[in-house]
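There are 2 protein chains.
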Amino acid sequence: MKIVFIGAGNLATRLSLAMQRVGMQIGQVYSHTSENARQLAVKLGCPWTTDLSALQADADMYVFSLKDTVLADVIAQVKPNNGLWIHTAGSMPMDVFEGYAARYGVLYPLQTFSKGREVSFDVIPIFLEANTKKDADYLKKIASALSENVRFMSSEKRRSLHLAAVFACNFTNHIYALSYKLLEQEEIPADVLLPLIDETTAKIHAMPPAAAQTGPAIRYDENVINKHLAMLDDPDMKEIYQLLSRSIHKEAQNE
Amino acid sequence: MKIVFIGAGNLATRLSLAMQRVGMQIGQVYSHTSENARQLAVKLGCPWTTDLSALQADADMYVFSLKDTVLADVIAQVKPNNGLWIHTAGSMPMDVFEGYAARYGVLYPLQTFSKGREVSFDVIPIFLEANTKKDADYLKKIASALSENVRFMSSEKRRSLHLAAVFACNFTNHIYALSYKLLEQEEIPADVLLPLIDETTAKIHAMPPAAAQTGPAIRYDENVINKHLAMLDDPDMKEIYQLLSRSIHKEAQNE
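Going line by line, the protein sequences match chains A and B. If you're matching positions, the first sequence starts at 1 in the working numbering and goes up one per residue. If you're matching positions, the second sequence starts at 1 in the working numbering and goes up one per residue.
Just chain A, with the same shape it has in the complex (with noise of 0.2 Å):
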């Protein structure tokens, strides 16, 4: 079983490292950049390269684990081969490889991955599909020996289930930065906002959201809100509070 990434960003590498640990063999790394091919080939002990006419043409499985913008012209330039070719994108259909390879597919991790940082790929729902019944079955073997929490979806509902994550990861991580750089300001430790931070997360394996939904904007508490409001000097800030709050109250009023 060996594999070929062509890709060499946060995704690929926690991917290629797991599969790696699994058992499976890279055979190859290849990126657009030569540093980001060399870093990730030295930590896999394989070879690299930055040309997609180099690929070797062996391989059993080719995973391309791009950004969307440059998915569908790296594909076009790969040469065809007898590999079951998959991407690893939430937003992309897996018709991108129609007319590209005959056999193709999708293994998305639903996670979010830093190069520098190791995750368990156990718990990592992931989510699958294949243009053949064979293939998916090959797919979903070589997806159990990585995760316990291994499903089909089609490209439809995985584009919704990718967008529902950049809401509950990117978004609230960037809140997160947000509320940092306020304490910042005040030379207050961003950490005594851990507890706090863990606690609205371990909440919701309680209860839903919409349920352990606390603070100002629930109780429409308008003294807070603009004390608050008048308080925040950066302009995106003030709109994010502003519409944050409007949002937290109406979908209060639905209820």
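Don't read these hints as lab results, they were simulated from the structure.
One copy or two, either will do: identical chains are not told apart, so a pair holds if it fits within one copy or between any two.
List time: in silico DSS-like cross-link candidates among lysine-lysine, alpha-carbon distance up to 25 Å: (1) 238 x 250; (2) 67 x 238; (3) 250 x 67; (4) 2 x 140.
Based on these hints, arrange chain B on the given structure of chain A.
Relative to the frame of chain A, chain B by itself:
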């Protein structure tokens, strides 16, 4: 050591129960609404009232745990006594008590509280303020019985902390609610997001949130961003998506 609680909301519920657990006596609970007063009094096994003129006059401490909008009004209605009067609000200054009590202060536990959810007070950061050195020491002793994480903070800094907490807790929780809503529309079980949400939170214990940022906005992947905007029907959610993506991109460029 006898304590009277004025207010019976989420925070009052969890704080009074935590105080009772470490051996403090809750003498009485007041709430504007008899149902709330009774509910908390039953949990505590103590008398309750909806009449501010019927408050016990001999307590050591009076905890005002009320919406900011009514706090000053209620304080003005309580007859002077020899107890220490404190409130638990992030955004209200300590001097809201000035002219009404001789001894006063603040005990602000930085946490999200729901009536029905147990929380461990041990790790909750508690921020104190008092109008005399003697009562500062007294309040510190009381707070230290509840938590290992007690410090003093001025009213001015506390209101910035509260603002940051609204971002870190109330806004992130609401964004979880929006992401759940997106999945419900697609009949995808929302708990598939939990490993992602847990990792997003775990990451910021290891790195600052700005360094942990991932997703289409930080990559400025317009392909994905535009697809996502086209998928959002709700105008508020569309605006939230745009505003937060722009803010993520802006912060990334400032670094």
